[in-house]
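Colleague: Keeping their order, the protein sequence lines are chains A and B.
Number 350 in the numbering used here belongs to position 350 of the first sequence; there are no gaps in the numbering.
Number 114 in the numbering used here belongs to position 114 of the second sequence; there are no gaps in the numbering.
It is possible that some hints are incorrect.
Label pairs and their calculated CB-CB ranges [as the list claims (entries may be wrong)]: (1) A:61 to B:87: 35 to 41 Å; (2) A:241 to B:158: 48 to 54 Å; (3) A:213 to B:76: 55 to 61 Å; (4) A:611 to B:124: 38 to 44 Å; (5) A:536 to B:49: 36 to 42 Å; (6) A:627 to B:162: 54 to 60 Å.
Source of the hints: derived by calculation from the structure; they are not laboratory data.
Yeah, the Cβ is synthetic: ideal placement off N, Cα and C, and Gly gets one too.
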Amino acid sequence: MTALDEIKIGGLGSSRKRVEDDRFIRGRGNYTDDITLPGMLHMEILRSPLAHARIKSIDTSKAWQIPGVRLVLTGEMAAQRNLAWMPTLSYDTQAVLATDKVRFQGQEIACVVADDPYIAKDGCEAIDVEYEPLPPIVNPAQALAPDAPLIRDDKEGQTDNVCYQWEVGDKEGTDRAFAQADVVSRLKLHYPRSHPSPIENCGSIANFDPATQKLTVYMTTQAPHIIRAAVALVAELPEHMIRIISPDIGGGFGNKVPVYPGYVCSILCSILLGKPVKWIEDKSGNLISTGFARDMYFDGELALRKDGRILAARFHADTDQGAFFSDAQPSKFKIGLVHSAFACYDIPVGHITARGAYTNKAPGGVAYRCSFRVTEAMYFQERMIAAAAADLGLDPAEFRRVNLVRDEQFPYRTPFGFLTDSGQYHKCLQIGLDAIGYDQFLKDKEDAAKRGRRLGIGISTMTEPLGAGNSREYDILGIKMFDSAELRVHPTGKAILRTGAKTQGQGHETTWAQIVAHELGIPAADVLVEEGDTDTAPFGMGTYASRSTPVAGAAVAMVSRKIRAKARKLAAHLLEVSEEDVEWELGRFYVRSAPNRGVTIQECAMAAYGNMPDGMEPGLENNAYYDPPNLTWPFACYIATVEVDPETGVWDVLRFVAVDDCGVRINPMIVEGQIMGGLTEAYAMSNMQFITFDEEGNCVGSNYMDYLLPTAWETPGFELHEVVTPCPHHPIGAKGVGECAAVGGPAAFVNAVLDALSDTGVRNIDMPLLPDRVWEAINTRADISGAPPVRTD
Amino acid sequence: MDKLVDKRRVTVTVNGEERVVEVEPRVLLAHLLRQGLGLTGTHIGCDTTNCGACTVLVDGSPTKSCTMLAVQTDGHEVRTVEGMAQASELHPLQEGFKEEHGLQCGFCTPGMMMSAMALLERNPDPTEEDIRWALSGNLCRCTGYQNIVKAVLWAAKKMQPAVTA
Numbered sequence: 001m002t003a004l005d006e007i008k009i010g011g012l013g014s015s016r017k018r019v020e021d022d023r024f025i026r027g028r029g030n031y032t033d034d035i036t037l038p039g040m041l042h043m044e045i046l047r048s049p050l051a052h053a054r055i056k057s058i059d060t061s062k063a064w065q066i067p068g069v070r071l072v073l074t075g076e077m078a079a080q081r082n083l084a085w086m087p088t089l090s091y092d093t094q095a096v097l098a099t100d101k102v103r104f105q106g107q108e109i110a111c112v113v114a115d116d117p118y119i120a121k122d123g124c125e126a127i128d129v130e131y132e133p134l135p136p137i138v139n140p141a142q143a144l145a146p147d148a149p150l151i152r153d154d155k156e157g158q159t160d161n162v163c164y165q166w167e168v169g170d171k172e173g174t175d176r177a178f179a180q181a182d183v184v185s186r187l188k189l190h191y192p193r194s195h196p197s198p199i200e201n202c203g204s205i206a207n208f209d210p211a212t213q214k215l216t217v218y219m220t221t222q223a224p225h226i227i228r229a230a231v232a233l234v235a236e237l238p239e240h241m242i243r244i245i246s247p248d249i250g251g252g253f254g255n256k257v258p259v260y261p262g263y264v265c266s267i268l269c270s271i272l273l274g275k276p277v278k279w280i281e282d283k284s285g286n287l288i289s290t291g292f293a294r295d296m297y298f299d300g301e302l303a304l305r306k307d308g309r310i311l312a313a314r315f316h317a318d319t320d321q322g323a324f325f326s327d328a329q330p331s332k333f334k335i336g337l338v339h340s341a342f343a344c345y346d347i348p349v350g351h352i353t354a355r356g357a358y359t360n361k362a363p364g365g366v367a368y369r370c371s372f373r374v375t376e377a378m379y380f381q382e383r384m385i386a387a388a389a390a391d392l393g394l395d396p397a398e399f400r401r402v403n404l405v406r407d408e409q410f411p412y413r414t415p416f417g418f419l420t421d422s423g424q425y426h427k428c429l430q431i432g433l434d435a436i437g438y439d440q441f442l443k444d445k446e447d448a449a450k451r452g453r454r455l456g457i458g459i460s461t462m463t464e465p466l467g468a469g470n471s472r473e474y475d476i477l478g479i480k481m482f483d484s485a486e487l488r489v490h491p492t493g494k495a496i497l498r499t500g501a502k503t504q505g506q507g508h509e510t511t512w513a514q515i516v517a518h519e520l521g522i523p524a525a526d527v528l529v530e531e532g533d534t535d536t537a538p539f540g541m542g543t544y545a546s547r548s549t550p551v552a553g554a555a556v557a558m559v560s561r562k563i564r565a566k567a568r569k570l571a572a573h574l575l576e577v578s579e580e581d582v583e584w585e586l587g588r589f590y591v592r593s594a595p596n597r598g599v600t601i602q603e604c605a606m607a608a609y610g611n612m613p614d615g616m617e618p619g620l621e622n623n624a625y626y627d628p629p630n631l632t633w634p635f636a637c638y639i640a641t642v643e644v645d646p647e648t649g650v651w652d653v654l655r656f657v658a659v660d661d662c663g664v665r666i667n668p669m670i671v672e673g674q675i676m677g678g679l680t681e682a683y684a685m686s687n688m689q690f691i692t693f694d695e696e697g698n699c700v701g702s703n704y705m706d707y708l709l710p711t712a713w714e715t716p717g718f719e720l721h722e723v724v725t726p727c728p729h730h731p732i733g734a735k736g737v738g739e740c741a742a743v744g745g746p747a748a749f750v751n752a753v754l755d756a757l758s759d760t761g762v763r764n765i766d767m768p769l770l771p772d773r774v775w776e777a778i779n780t781r782a783d784i785s786g787a788p789p790v791r792t793d
Numbered sequence: 001m002d003k004l005v006d007k008r009r010v011t012v013t014v015n016g017e018e019r020v021v022e023v024e025p026r027v028l029l030a031h032l033l034r035q036g037l038g039l040t041g042t043h044i045g046c047d048t049t050n051c052g053a054c055t056v057l058v059d060g061s062p063t064k065s066c067t068m069l070a071v072q073t074d075g076h077e078v079r080t081v082e083g084m085a086q087a088s089e090l091h092p093l094q095e096g097f098k099e100e101h102g103l104q105c106g107f108c109t110p111g112m113m114m115s116a117m118a119l120l121e122r123n124p125d126p127t128e129e130d131i132r133w134a135l136s137g138n139l140c141r142c143t144g145y146q147n148i149v150k151a152v153l154w155a156a157k158k159m160q161p162a163v164t165a
């Protein structure tokens with residue numbers, strides 16, 4: 001009897017083809033907008049055209065007269081149910097429908113429910129709103145000025161536009177280190193506002209059944225259980241009478257974590273009408289009102305010794321949070337994980353201050369393909385590292401070699417309190433440099449410069465904290481950030497697995513089954529994976545922040561081990577030996593002294609239902625709640641080479657090398673797909689993708705004609721390499737990976753373009769590096785700021 | 001207002017089957033397909049003809065069905081993702097997308113495959129550059145396109161006549 005071949009049964013390390021694809025390639029996916037319920041009505045939202053204005057009156061009488069209109073809901077009516085405002089996931093409040101004033105362009109004012117979506121739109125157009133315009137505030141500098149108009153006059157005790165102020169680190173120690181520095185390197189930059197912009201917009205179908213008093217909501221959410229808890233709290237409905245179903249999701253990237261007014265309105269309308277109410281947002285609604293990301297201003301310094309050692313790091317970050325602080329901000333995350341900056345470098349001491357400002361922009365600060373604010377932190381880090389190397393006259397690769405944490409230093413405590421536990425940073429860097437042909441490129445660059453061509457190379461190396469999180473530190477609404485899995489093995493050895501995570505393209509239906517296959521030897525094809533229905537899935541915190549594999553994936557391994565422990569008892573019974581004499585190999589228990597005598601996991605499953613020993617409970621089902629002891633710390637080295645056209649400012653990517661160490665890879669094909677997708681978003685951020693506002697607070701970028709996203713034509717090819725340093729505390733050694741490339745990638749592109757401009761003395765061009773910005777930098781030899789314009793009258 | 005709700009009779013061939021439907025003149029083809037005919041494989045992503053999630057073939061040409069009125073298809077032929085597979089046999093593009101991991105969330109996939117189908121019907125042996133250009137009206141936020149290009153190349157290869165010199 002030979003052991004099963006793990007790859008053949010679709011276990012760990014198998015690039016198993018995705019099972020979810022079978023429905024998607026046939027057009028048989030089941031997204032929220034694909035669902036139709038009997039008697040379903042349609043809801044549309046009326047949005048504010050102004051960024052900051054007092055509402056003088058709302059006249060809905062004409063809308064009520066349109067045949068087919070069933071309900072026109074205003075904030076005043078919502079207020080009667082105590083629902084004009086709602087709490088956000090970050091302990092702020094947000095208007096569901098505006099009553100007093102509007103605080104950003106696109107804010108929800110009223111909604112219309114009608115027999116079809118066209119009539120509902122007619123209804124919105126028939127509503128008359130009278131506004132008294134107020135001065136708009138479009139960036140933190142303006143918001144924090146002493147005489148700035150108060151945006152959140154709804155909040156008791158709020159006297160300015162400060163949303164929060166935090167600090168972390170050792171100020172005195174850092175000041176001492178700076179006093180001893182040979183060189184102090186300084187950099188100021190802005191990480192522009194962006195939108196995750198999945199192709200599918202947000203939407204919900206609320207169905208309140210007056211007969212059963214049960215509320216069922218189909219919706220585009222990455223975290224159905226959190227939504228259920230939030231709905232129970234906000235709408236004051238009993239939690240067991242709420243069922244949230246998150247069907248197929250057309251991309252999330254953090255955009256589908258928050259609770260949006262549209263969801264709440266559809267629920268309220270369904271309760272008022274006793275009928276199913278569908279709300280499907282259009283693209284402009286999605287872009288102007290939901291989960292923005294980034295928009296952070298950095299000003300920081302590194303204290304440096306002549307030999308290249310970094311002695312200390314300090315910086316301040318001002319964040320534009322928009323009108324409501326609505327990111328998924330766990331209460332104990334001091335600083336949105338910005339303090340993970342510089343975690344891969346051996347820096348003894350540091351100090352960070354951060355401040356959030358309310359502005360007249362859509363509620364911002366969602367974690368767009370990242371863990372809270374790590375993208376901004378890593379971008380600043382890697383731009384700062386490049387600037388410091390230049391200030392010291394050191395090669396940026398050598399500067400990194402000097403300062404990267406060495407393998408023997410793990411576990412390593414960062415100056416801001418994180419414990420990084422594993423990695424081979426120098427090895428990853430070297431693989432990247434070898435792959436790109438670093439030394440040869442530097443020669444080519446020099447030769448090209450003689451002919452007037454501008455080539456550049458940019459490196460980005462980083463580790464980031466993925467997989468929130470350990471419950472000592474992380475929670476949402478007071479609920480700790482564990483995750484869960486429930487496994488039911490049927491009598492014939494087939495199984496169903498449910499978790500508290502929710503796939504949005506990451507392929508959980510494929511990969512979770514691979515973990516079960518690895519732990520139990522049940523072929524992956526025999527394991528059905530289901531997620532997203534709060535009536536059936538165990539309680540979990542959902543999928544974002546690259547937490548699925550680190551947390552829910554770990555729970556899958558742990559529940560499989562519980563099943564195996566019971567199966568071992570069944571095997572001992574079947575083999576008529578004591579449990580201590582039973583050995584395990586993949587898919588089979590055998591007698592230690594007689595390896596040919598064995599029983600398969602499937603035979604144990606049948607025995608669990610038909611031939612269990614006396615006193616044993618029947619069945620082979622269990623669940624596991626996994627509370628990770630630490631975050632996982634993947635490492636990445638990204639290297640881009642570019643050529644900049646000095647005549648136009650256009651830059652092309654020549655090559656891009658990625659070396660990712662995300663620990664053990666469950667499905668290498670899917671991991672590589674995640675990395676390529678993330679790198680494309682990184683390229684987009686560096687090259688074209690941003691949403692800005694004019695001085696009136698008008699969103700420039702409210703549709704796909706103005707908000708540029710890369711197509712197949714622009715997107716470069718990526719060369720992928722891997723290093724595997726297993727995570728020491730994860731049951732299968734895996735680390736998060738989904739966001740690494742989007743987090744670490746942008747700095748590689750920007751560093752490369754700035755390297756191509758190294759003779760000009762330009763230290764910074766804010767993203768995106770649009771041709772006009774690059775051209776202007778070359779011709780003026782000055783830094784280019786991307787901060788939005790401010791009205792001066 | 002009354003004029004808007006006057007319905008028009010439209011005769012359109014969808015995936016080889018003639019359908020006679022009554023629609024308001026303002027109804028988009030995408031909505032007719034999704035709501036009127038229950039063909040929800042055609043998705044709607046944007047309002048500005050940029051994302052391509054709603055791409056279908058009208059008389060063989062890739063067309064963004066969010067930008068065409070349903071009444072404009074009177075007397076024409078429309079193909080959607082639901083018409084790709086013949087009986088239980090997948091179209092090579094469908095196989096290629098699965099084989100090469102050309103999709104993640106799956107939302108752009110039907111439109112992407114319809115654009116690719118139009119390409120392969122006029123150019124059975126495309127280069128990578130041909131494919132990237134042909135798909136440049138279809139946005140994907142998950143994959144980074146590299147595997148989508150591979151998927152189309154996979155399908156093109158499978159669809160080549162078996163005979164070679």
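Colleague: Next step is simple, just say for each hint if it's right about the structure.
Modeller: Taking the hints in turn, this is what the structure says about them:
{"no.": "1", "hint": "A:61 to B:87: 35 to 41 Å", "in the structure": "violated, 56 Å"}
{"no.": "2", "hint": "A:241 to B:158: 48 to 54 Å", "in the structure": "holds, 52 Å"}
{"no.": "3", "hint": "A:213 to B:76: 55 to 61 Å", "in the structure": "violated, 49 Å"}
{"no.": "4", "hint": "A:611 to B:124: 38 to 44 Å", "in the structure": "violated, 59 Å"}
{"no.": "5", "hint": "A:536 to B:49: 36 to 42 Å", "in the structure": "holds, 39 Å"}
{"no.": "6", "hint": "A:627 to B:162: 54 to 60 Å", "in the structure": "holds, 57 Å"}
Checked against the numbered hints above, the structure violates hints 1, 3, 4; every other hint is satisfied.
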